[in-house]
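S.K.: Top to bottom, those sequences are chains Y and B. Heads up, the first sequence is in this note's numbering, so the first residue is 317 and it goes up one at a time. Heads up, the second sequence is in this note's numbering, so the first residue is 317 and it goes up one at a time.
Take the hints with a grain of salt, since some may be wrong.
Think about it this way: if two alpha-carbon atoms lie no more than 30 Å apart in a straight line, the pair counts; the simulated DSS-like pairs of lysine-lysine are [as the list claims (entries may be wrong)]:
| id | chain 1 | residue 1 | chain 2 | residue 2 |
| --- | --- | --- | --- | --- |
| 1 | Y | Lys650 | Y | Lys541 |
| 2 | B | Lys664 | Y | Lys664 |
| 3 | B | Lys357 | Y | Lys664 |
| 4 | Y | Lys535 | Y | Lys548 |
| 5 | Y | Lys448 | Y | Lys584 |
| 6 | Y | Lys538 | Y | Lys548 |
| 7 | B | Lys664 | Y | Lys650 |
Example chain B residues on the side facing chain Y (calculated, C-beta under 10 Å, incomplete) [unchecked claim]:
| id | residue |
| --- | --- |
| 8 | Ser612 |
| 9 | Ile667 |
| 10 | Glu692 |
Keep in mind that the hints were calculated from the coordinates and are not lab data. The structure presented is a predicted model; accordingly, all values stated were derived computationally and were not measured. Idealized CB from N, CA, C, for every residue including glycine.
There are 2 protein chains.
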Amino acid sequence: MRRMGRSYNWIKMNPAQMLSVGFLILIGVGTLLLMLPFATKDRHHLSFIDALFEATSAVCVTGLVVVDTQTTFTVFGQIVLMVLIQIGGLGFMTFGVLIAIMLGKNIGLKGRLMIQESLNQLSIEGMVRLVKFVVGFTLIAEMIGALILAIRWSSDFGFPRSLYYGIFHSVSAFNNAGFDIMGQFRSVTEYAGDFTVIMTLSFLLIIGGIGYIVVLDVKRNKSLKKLSLHTKLVLLMTLILNILGTVFIFALEYDNPGTLANLPLKDKLLGAFFHGVVPRTAGFNSLNTGELTLGSQLVTMLLMFIGGGSGGTAGGIKVTTFVLIFLAVRALIKEEDEVSLMGRRIPKDLIVRAFTITVYSIGFIFFILFILSITENAPLNVLLFEVISAFGTVGMSMGLTPELSATGKGVIAFMMFAGRVGPITIAFALARRKGKAKYKFAEEKIMIG
Amino acid sequence: MRRMGRSYNWIKMNPAQMLSVGFLILIGVGTLLLMLPFATKDRHHLSFIDALFEATSAVCVTGLVVVDTQTTFTVFGQIVLMVLIQIGGLGFMTFGVLIAIMLGKNIGLKGRLMIQESLNQLSIEGMVRLVKFVVGFTLIAEMIGALILAIRWSSDFGFPRSLYYGIFHSVSAFNNAGFDIMGQFRSVTEYAGDFTVIMTLSFLLIIGGIGYIVVLDVKRNKSLKKLSLHTKLVLLMTLILNILGTVFIFALEYDNPGTLANLPLKDKLLGAFFHGVVPRTAGFNSLNTGELTLGSQLVTMLLMFIGGGSGGTAGGIKVTTFVLIFLAVRALIKEEDEVSLMGRRIPKDLIVRAFTITVYSIGFIFFILFILSITENAPLNVLLFEVISAFGTVGMSMGLTPELSATGKGVIAFMMFAGRVGPITIAFALARRKGKAKYKFAEEKIMIG
Ligand SMILES: [K+]
Ligand SMILES: [K+]
Numbered sequence: 317m318r319r320m321g322r323s324y325n326w327i328k329m330n331p332a333q334m335l336s337v338g339f340l341i342l343i344g345v346g347t348l349l350l351m352l353p354f355a356t357k358d359r360h361h362l363s364f365i366d367a368l369f370e371a372t373s374a375v376c377v378t379g380l381v382v383v384d385t386q387t388t389f390t391v392f393g394q395i396v397l398m399v400l401i402q403i404g405g406l407g408f409m410t411f412g413v414l415i416a417i418m419l420g421k422n423i424g425l426k427g428r429l430m431i432q433e434s435l436n437q438l439s440i441e442g443m444v445r446l447v448k449f450v451v452g453f454t455l456i457a458e459m460i461g462a463l464i465l466a467i468r469w470s471s472d473f474g475f476p477r478s479l480y481y482g483i484f485h486s487v488s489a490f491n492n493a494g495f496d497i498m499g500q501f502r503s504v505t506e507y508a509g510d511f512t513v514i515m516t517l518s519f520l521l522i523i524g525g526i527g528y529i530v531v532l533d534v535k536r537n538k539s540l541k542k543l544s545l546h547t548k549l550v551l552l553m554t555l556i557l558n559i560l561g562t563v564f565i566f567a568l569e570y571d572n573p574g575t576l577a578n579l580p581l582k583d584k585l586l587g588a589f590f591h592g593v594v595p596r597t598a599g600f601n602s603l604n605t606g607e608l609t610l611g612s613q614l615v616t617m618l619l620m621f622i623g624g625g626s627g628g629t630a631g632g633i634k635v636t637t638f639v640l641i642f643l644a645v646r647a648l649i650k651e652e653d654e655v656s657l658m659g660r661r662i663p664k665d666l667i668v669r670a671f672t673i674t675v676y677s678i679g680f681i682f683f684i685l686f687i688l689s690i691t692e693n694a695p696l697n698v699l700l701f702e703v704i705s706a707f708g709t710v711g712m713s714m715g716l717t718p719e720l721s722a723t724g725k726g727v728i729a730f731m732m733f734a735g736r737v738g739p740i741t742i743a744f745a746l747a748r749r750k751g752k753a754k755y756k757f758a759e760e761k762i763m764i765g
Numbered sequence: 317m318r319r320m321g322r323s324y325n326w327i328k329m330n331p332a333q334m335l336s337v338g339f340l341i342l343i344g345v346g347t348l349l350l351m352l353p354f355a356t357k358d359r360h361h362l363s364f365i366d367a368l369f370e371a372t373s374a375v376c377v378t379g380l381v382v383v384d385t386q387t388t389f390t391v392f393g394q395i396v397l398m399v400l401i402q403i404g405g406l407g408f409m410t411f412g413v414l415i416a417i418m419l420g421k422n423i424g425l426k427g428r429l430m431i432q433e434s435l436n437q438l439s440i441e442g443m444v445r446l447v448k449f450v451v452g453f454t455l456i457a458e459m460i461g462a463l464i465l466a467i468r469w470s471s472d473f474g475f476p477r478s479l480y481y482g483i484f485h486s487v488s489a490f491n492n493a494g495f496d497i498m499g500q501f502r503s504v505t506e507y508a509g510d511f512t513v514i515m516t517l518s519f520l521l522i523i524g525g526i527g528y529i530v531v532l533d534v535k536r537n538k539s540l541k542k543l544s545l546h547t548k549l550v551l552l553m554t555l556i557l558n559i560l561g562t563v564f565i566f567a568l569e570y571d572n573p574g575t576l577a578n579l580p581l582k583d584k585l586l587g588a589f590f591h592g593v594v595p596r597t598a599g600f601n602s603l604n605t606g607e608l609t610l611g612s613q614l615v616t617m618l619l620m621f622i623g624g625g626s627g628g629t630a631g632g633i634k635v636t637t638f639v640l641i642f643l644a645v646r647a648l649i650k651e652e653d654e655v656s657l658m659g660r661r662i663p664k665d666l667i668v669r670a671f672t673i674t675v676y677s678i679g680f681i682f683f684i685l686f687i688l689s690i691t692e693n694a695p696l697n698v699l700l701f702e703v704i705s706a707f708g709t710v711g712m713s714m715g716l717t718p719e720l721s722a723t724g725k726g727v728i729a730f731m732m733f734a735g736r737v738g739p740i741t742i743a744f745a746l747a748r749r750k751g752k753a754k755y756k757f758a759e760e761k762i763m764i765g
């Protein structure tokens with residue numbers, strides 16, 4: 317049976333490995349395209365390592381940049397990045413199947429399983445419908461976002477250019493990429509107090525980061541009671557983490573002259589909200605990240621580490637993993653045998669998976685941090701911020717990225733890639749070896765990793 | 317049966333809680349004694365928070381100090397610290413039973429269970445013999461160490477004083493306390509190149525930190541084959557971690573003018589060896605900790621986090637916990653269903669415990685770090701170093717301890733206490749709720765936490 321089950325792999329790769337290879341090919345193509353003479357403006361020739369870094373950052377929808385996107389790249393180069401972001405965000409496999417659908421071909425089991433992995437889905441049923449929905453939802457959301465931003469920016473940039481800016485930043489926000497073409501590494505700091513820009517970007521990145529499965533579940537089951545445990549959990553945690561993030565950033569930056577201190581209260585709130593929401597996992601910044609207090613840096617790092625919902629464009633260990641660990645520790649303190657939530661018992665092997673993913677991630681972050689501590693010349697907080705940002709494919713930086721050594725760039729690029737495909741690979745490996753366990757009570761699955 | 321099992325508790329405390337209360341009482345008494353006028357030298361009145369910090373540091377055998385031990389305390393005050401270290405190191409319960417033995421009284425089940433917890437022992441058999449052995453072994457080891465140090469130092473300090481110095485530092489080293497009376501927070505930096513001093517201290521702290529259970533097992537089973545898995549694991553890991561620590565510190569500090577660069581090769585090796593061994597968990601330093609490279613700081617933090625063997629004077633998550641996590645992650649990568657080691661299968665609930673202890677510890681460290689990031693004004697590496705040092709009851713510091721705010725002192729004191737009694741409490745709570753599982757293969761327990 318095991319052997320049989322594996323026979324869907326042609327060239328002996330499991331879906332997670334195929335996804336990795338797909339991403340690698342996409343990064344390779346992107347690197348080549350970005351090195352073309354007309355991809356960069358005059359006197360901005362891109363070295364191989366820089367092109368590789370930029371392509372990896374785009375495909376893995378991270379947003380860390382070694383060069384300023386606006387001043388370095390031509391419109392062609394910028395569109396290459398946007399396309400890499402879009403393909404990376406939709407999931408390489410989803411994109412492959414989308415092409416197949418458009419060409420009118422049937423999708424065999426192999427194709428379905430690949431998407432299943434790409435989206436970290438629980439069931440392989442209705443996969444084609446899901447893909448159609450994902451693509452449609454993505455395009456509609458991005459279009460609405462692009463229009464709002466284009467209208468807002470038409471007074472600043474003039475019409476055709478404002479539409480281009482709207483599309484680029486909408487795609488970047490929905491896919492949680494965090495790339496911007498504002499110039500001088502400014503991100504959206506010019507719009508820190510702009511309600512329209514900040515709220516449009518926030519809405520796009522929250523929707524994109526929450527995971528397609530949640531969106532689909534909400535669409536299918538209009539009533540709150542019918543929603544799956546996974547959906548309820550992700551929605552609740554998104555709300556809680558965004559509120560906590562906002563409150564902590566507001567409190568910790570209130571007196572900081574480098575960030576909120578000199579802003580009117582309305583802008584203080586808007587800035588705190590954006591920086592409470594962005595670390596999971598969009599990579600924009602409306603405040604100067606390098607000026608955040610150490611407390612805010614730590615809050616941001618924690619949020620970046622946790623990330624968003626499974627099966628979306630977000631990175632990190634995922635909110636569900638974090639909740640399970642929280643619940644497991646709480647159960648321990650209360651000396652309870654079982655971990656339960658909202659009237660459901662959580663399977664024990666899921667707890668083990670959550671712990672494994674978390675500890676593995678922390679160990680990995682520490683290892684990369686250790687390498688950078690030797691190759692780079694920067695304080696620990698700046699290094700750790702950069703590593704966690706790469707791991708969670710967040711893209712925020714305290715300013716280290718352009719200063720990285722060639723080795724540092726390679727290591728961070730590797731971390732972005734590992735942060736993107738790693739959790740899916742681990743989840744896949746863990747799911748495969750899981751045996752059939754007998755439980756007494758009703759239980760329900762949650763997606764983690 | 318469960319109810320019956322709990323009836324050994326008089327006033328409804330479990331052994332772990334009784335241990336905590338015992339430590340708290342000891343800290344309270346120590347605080348009072350250290351605040352006595354004749355405990356400190358002229359013009360060195362100790363504030364309550366400083367006395368509390370020092371007493372906690374001594375009882376929890378940590379070694380972090382807010383005042384310099386030699387210049388602040390009278391011989392009376394220093395002896396109070398030494399006695400607190402000795403009682404803390406032997407374990408409060410062990411000490412209680414030792415008194416009972418000396419008074420010729422029988423030790424009931426309750427007493428035995430308390431020691432079991434205090435030593436994190438696996439079986440309650442032969443407990444009395446164990447306590448006798450522990451006390452005897454401790455005193456003999458300390459006596460030998462004291463004599464060697466006294467002879468070495470007789471030329472520096474003259475005879476009666478060199479014996480006092482020998483005893484103090486031998487007790488401090490064997491109990492992994494890291495307190496010194498060299499003056500000016502110098503620790504043993506004056507003896508960085510002194511083979512006798514460095515090797516004597518290293519030997520004492522390795523033996524003390526390895527855990528009495530290992531020492532007892534080695535004593536009982538002279539042949540390597542008969543040793544328990546736990547013993548073999550702890551010995552092997554102690555060797556590996558000490559070698560790795562030495563190699564990493566040597567490589568990372570070789571060119572550092574603040575530490576090894578200006579020393580002859582022999583002293584470079586000796587310094588690297590001491591700083592590879594000390595973080596688990598002795599708290600002495602022969603090099604200037606504040607001058608270590610960031611890479612060495614991270615290596616030291618990792619070693620401090622791992623700590624020593626269970627049931628000894630060491631802190632940290634313990635080497636066995638670390639190994640289990642390493643093995644679990646390796647099994648995951650190799651897609652193996654079972655975690656095995658040296659031909660033995662490791663029970664799954666032990667893996668879960670190891671993960672729980674690790675994640676809980678990391679979360680706790682992060683929480684305390686976050687508080688200090690707000691209350692203190694120091695860079696992240698210095699803060700994190702301090703927090704992990706307190707958690708692992710190590711006692712190394714990059715110089716922050718005397719600069720801590722009152723809140724910071726309270727928080728670090730709390731962390732030292734939690735680092736000392738926390739892992740035992742968690743291990744106890746986890747062991748209690750463990751059900752009877754059915755396993756197919758021979759398995760063997762290992763102590764963690
Ligand atoms: K991102
Ligand atoms: K110590």
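S.K.: Compare the structure with each hint and give your call.
M.R.: Cross-check of the supplied hints:
{"no.": "1", "hint": "Y/Lys650 - Y/Lys541", "verdict": "holds, 28 Å"}
{"no.": "2", "hint": "B/Lys664 - Y/Lys664", "verdict": "holds, 11 Å"}
{"no.": "3", "hint": "B/Lys357 - Y/Lys664", "verdict": "violated, 58 Å"}
{"no.": "4", "hint": "Y/Lys535 - Y/Lys548", "verdict": "holds, 13 Å"}
{"no.": "5", "hint": "Y/Lys448 - Y/Lys584", "verdict": "violated, 40 Å"}
{"no.": "6", "hint": "Y/Lys538 - Y/Lys548", "verdict": "holds, 13 Å"}
{"no.": "7", "hint": "B/Lys664 - Y/Lys650", "verdict": "holds, 21 Å"}
{"no.": "8", "hint": "Ser612", "verdict": "holds, 9 Å"}
{"no.": "9", "hint": "Ile667", "verdict": "holds, 7 Å"}
{"no.": "10", "hint": "Glu692", "verdict": "holds, 9 Å"}
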